[in-house]
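Participant: These are the residues of each chain, in order.
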Amino acid sequence: MSRDLAQRVLQGERRALARALSLVENDAPEGEALLEALFPHTGRAHLVGFTGPPGVGKSTLVARLARYFRREAPSPRTVGILAVDPTSPFTGGALLGDRIRMRDLAGDPGVFIRSMASRGAVGGLARNTAAAAQVLDAAGFDLVFIETVGAGQAEVEIARLAHTVVVVQAPGLGDEIQALKAGILEIADILVVNKADRPGAQQLARTLENWLGRRTPKGEGPDDASPASASNTPWIPPVLLVTATQGEGIPQIAQSLKEHAAHLKRTGAWQERERRRFESELRERVLLTFWRRWETRAKQLGLSQLLERILKREISPQRAAETLLRQMWSDQETKG
Amino acid sequence: MTERKIRVLIAKPGLDGHDRGAKIVARALRDAGMEVIYTGIRQTPEMIAEAALQEDVDVVGLSILSGAHMTLVPQVLEKLREAGMDHVLVLVGGIIPPEDVPKLREMGVYKVYGPGTPTRQIVEDIRRAVLGESQTQPEPMA
Ligand SMILES: Nc1nc2c(ncn2[C@@H]2O[C@H](COP(=O)(O)OP(=O)(O)OP(=O)(O)O)[C@@H](O)[C@H]2O)c(=O)[nH]1
Ligand SMILES: [Mg+2]
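Chains W and H, in that order, are what the protein sequence lines are.
Going by the numbering used here, the first sequence opens with residue 1, and the numbers climb by one from there.
Going by the numbering used here, the second sequence opens with residue 1, and the numbers climb by one from there.
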């Protein structure tokens with residue numbers, strides 16, 4: 001069944017794609033089989049992350065940029081969008097509102113928008129956002145845009161997933177310094193000062209430029225780059241003034257995305273980023289398997305008896321942990 | 001491993017711009033643990049069906065205050081069918097004259113809610129229909 005579904009996803013069937021995303025999002029066993037079947041067809045899409053504080057205009061920007069790539073760019077490109085909003089830790093429910101800003105994209109078969117709830121994951125993405133991005137990639141979208149939960153914190157997760165991270169800021173939020181502190185700018189490949197129609201935008205852009213200038217090591221700027229050393233020229237994140245609601249500055253973002261992808265490929269950083277992503281995925285999968293095995297075995301291994309003994313000070317937590325681990329490993333050996 | 005999350009699309013077809021009721025329902029469903037996709041006002045039947053498909057929802061809730069429900073609802077149902085989404089539960093809320101309710105139900109609408117329907121009831125109906133639950137736990141307060 002999942003083989004069939006994978007086939008339909010590869011053929012670009014939208015209903016199949018929607019089902020596939022649900023299976024993957026819900027950790028369904030069919031989802032795993034599906035990811036496996038789709039994996040050989042991934043690796044083509046340019047994954048772009050959009051992050052920044054709540055309300056800076058991420059959804060508006062994503063929609064305008066997608067529209068640009070569909071209707072205005074010299075050669076149109078298809079766009080898959082994953083928009084993550086937070087799950088309430090109290091109720092487990094979520095209100096997913098990013099689509100409100102994306103109504104312009106309705107009816108375009110070259111666009112697919114999916115909202116995702118973070119479902120308890122921290123770091124701005126849902127645990128299965130990376131897998132969902134793979135599904136969109138396999139389905140043939142040229143670009144996959146990932147909007148994180150609005151946060152002022154450094155979003156390590158998106159830096160790990162995306163080839164290019166666009167950090168969006170806006171004037172008047174009063175948290176420029178906060179952003180600098182939180183290290184959110186460290187992960188930026190492209191910096192957008194959105195709401196350039198508002199007072200303070202120019203000033204904010206200058207502040208960011210200064211900060212970037214300080215960070216860039218002397219003698220490695222683009223002015224000093226000779227053609228011969230072009231392959232190891234560092235990427236200097238551009239600071240772009242944008243008014244997303246009016247579409248101003250959008251072509252410049254598109255241009256920077258193209259340049260960044262070219263830069264990554266030229267310098268080998270594209271592969272390097274993928275390697276890092278797969279490495280962390282591998283580690284996570286292995287850890288998760290261990291974790292699940294532990295969760296199912298803990299009781300049988302006498303966790304509660306050991307706890308009683310710890311409470312009576314008959315055994316230390318360290319020794320108890322060792323005992324449990326030894327039993328887990330011997331399990332492993334008798335099994336394998 | 002993870003529990004089944006109910007996904008609901010709340011949409012406002014037609015031209016009236018009042019979405020207070022829709023927002024109240026959206027929040028109540030979120031507070032009941034559901035994932036609610038809110039798309040805003042002035043959605044065409046095509047937009048609603050497309051969003052329902054892309055979001056792979058279990059439920060589509062339509063809020064209609066304009067009085068145009070007898071034309072809008074069949075259009076939305078038709079577009080959902082065309083999109084292969086005829087399995088979704090369709091709910092309608094708004095100011096609906098009693099004589100229209102059986103007609104809407106006949107078209108395939110699961111339930112019709114008038115103004116002032118307790119949101120609890122909507123939550124219960126959805127849970128029962130989607131999860132096959134006969135009883136619901138007390139709700140966490142908003
Ligand atoms: N003046 C002005 N307002 C903008 C601009 N871009 C977006 N907005 C407005 O900012 C508000 C928030 O926009 P969104 O696109 O929802 O912002 P977001 O960052 O996606 O918000 P969250 O997903 O909730 O974090 C909306 O009212 C937009 O219309 C802009 O360039 N100028
Ligand atoms: Mg948003």
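Keep in mind the hints are simulated off the structure, nothing from the lab.
It is possible that some hints are incorrect.
What the hints assert, rightly or not - Computed beta-carbon distance windows for the label pairs: (1) Asp4/W with Arg81/H: 21 to 27 Å; (2) Pro118/H with Gly302/W: 47 to 53 Å; (3) Arg81/H with Gly55/W: 33 to 39 Å; (4) Glu36/W with Pro74/H: 41 to 47 Å; (5) Thr71/H with Arg285/W: 28 to 34 Å; (6) Arg313/W with Pro118/H: 53 to 59 Å; (7) Thr267/W with His18/H: 51 to 57 Å; (8) Arg105/H with Gln327/W: 25 to 31 Å.
What the hints assert, rightly or not - From the derived model, a few chain W residues whose C-beta atoms are all more than 10 Å from chain H: (9) Tyr68; (10) Leu95; (11) Pro171; (12) Glu248; (13) Glu281.
Idealized CB from N, CA, C, for every residue including glycine.
Participant: Now tell me, hint by hint, if it's right for this structure.
Facilitator: Against the structure, the hints come out as follows:
no. : hint                               : verdict
1   : Asp4/W with Arg81/H: 21 to 27 Å    : holds, 22 Å
2   : Pro118/H with Gly302/W: 47 to 53 Å : holds, 49 Å
3   : Arg81/H with Gly55/W: 33 to 39 Å   : holds, 38 Å
4   : Glu36/W with Pro74/H: 41 to 47 Å   : holds, 42 Å
5   : Thr71/H with Arg285/W: 28 to 34 Å  : violated, 51 Å
6   : Arg313/W with Pro118/H: 53 to 59 Å : holds, 54 Å
7   : Thr267/W with His18/H: 51 to 57 Å  : holds, 54 Å
8   : Arg105/H with Gln327/W: 25 to 31 Å : violated, 59 Å
9   : Tyr68                              : holds, 20 Å
10  : Leu95                              : violated, 5 Å
11  : Pro171                             : holds, 26 Å
12  : Glu248                             : holds, 23 Å
13  : Glu281                             : holds, 18 Å
Violated hints for the displayed structure, listed by number in ascending order: 5, 8, 10.
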